[in-house]
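Q: Order-wise, the sequence lines are chains H and A.
Residue numbering for the first sequence follows my numbering, beginning at 1 and increasing consecutively.
Residue numbering for the second sequence follows my numbering, beginning at 1001 and increasing consecutively.
Since the hints were made in silico from the structure, they are not lab data.
Cβ atoms here follow ideal geometry from the backbone N, Cα and C, with glycine treated the same way.
Be aware that a few hints might be false.
As the list claims (entries may be wrong) - What the simulated footprint calls covered on chain H by chain A, stretch by stretch (three residues with Cβ under 8 Å from a Cβ of chain A suffice, anywhere in the stretch; the number is not a length):
1. 25 to 36
2. 47 to 61
3. 90 to 100
As the list claims (entries may be wrong) - A few chain H residues that don't get close to chain A, going by computed Cβ distances all over 10 Å:
4. Phe12
5. Lys16
6. Leu84
7. Val110
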Amino acid sequence: AQKITQTQPGMFVQEKEAVTLDCTYDTSDPSYGLFWYKQPSSGEMIFLIYQGSYDQQNATEGRYSLNFQKARKSANLVISASQLGDSAMYFCAMTEGFKTIFGAGTRLFVKA
Amino acid sequence: EAQVTQNPRYLITVTGKKLTVTCSQNMNHEYMSWYRQDPGLGLRQIYYSMNVEVTDKGDVPEGYKVSRKEKRNFPLILESPSPNQTSLYFCASSLSARTSGYYNEQFFGPGTRLTVL
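In isolation and in its complexed conformation, chain H is listed as follows (with noise of 0.2 Å):
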């Protein structure tokens, strides 16, 4: 069965460093695409960035970035030089056919 796994309920980061938010999958479909979204506090979900189950490299959005390691089935949010805007509830998820699951969430803290 699918499954989506974000291990960190809540993070904090320093104003302009960088930040990672965990996420693992797992399912036995070779085809599958993988997305963040970023929900602030005013509640709407916002795409971030994507990834497909056979790209060869990593996406890349502006500051963010997905670290996908395939064998480990790992498709981690990099989001370089955090700004107080990026403190939000960050959610990993996955499409599989017409089949779409989400994670927990991540909750992230930037601090000035």
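Fit chain A to the known structure of chain H by using the hints.
A: Positioned in the frame of chain H, the structure of chain A alone reads:
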């Protein structure tokens, strides 16, 4: 403006009183989905629709119904709400579930906070 809209945004109701949460998208997306968000559980998929008149169950479909009669609309129906359906509900849409091996990101509505007393 490209968007997913949900109504109502907030709803307090009582056990057993049928309700419908509407969802509409203006991006001509084929795929639409409903999720519920509960603390410590992340988002869980309730139902999804691959296209008009094609729907299927997600991980937590019990107590919910959906329909997809038009491409833009995907209402969520609670025929007899119970307190355990108190939650934050999100509707989402994407171009399709997958395009040429690429899984498409989902665009989310603003959420509907439902309280069932």
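Q: Work down the list of hints and note, for each, if the structure agrees.
A: Hint-by-hint comparison with the structure:
As drawn, the region 25 to 36 of chain H meets chain A at 4 residues by the rule of a beta-carbon pair under 8 Å; at three or more, the given contact holds. For the region 47 to 61 of chain H, the stated coverage by chain A is satisfied: 4 residues place a CB nearer than 8 Å to a CB of that chain, which reaches the threshold of 3. For the region 90 to 100 of chain H, the stated coverage by chain A holds: 7 residues have a C-beta nearer than 8 Å to a C-beta of that chain, and at least 3 were required. With a least beta-carbon separation of about 19 Å from chain A, H:Phe12 lies farther than 10 Å from that chain, consistent with its non-interface assignment.
No beta-carbon of chain A is positioned within 10 Å of the beta-carbon of H:Lys16; the least distance is around 28 Å. The Cβ of H:Leu84 lies farther than 10 Å from every Cβ of chain A, with a closest approach of about 23 Å, so its non-interface assignment holds. At the 10 Å boundary, the C-beta of H:Val110 stays outside the reach of chain A, the nearest C-beta of that chain being 21 Å off.
In summary, the structure agrees with every hint in the numbered list given earlier.
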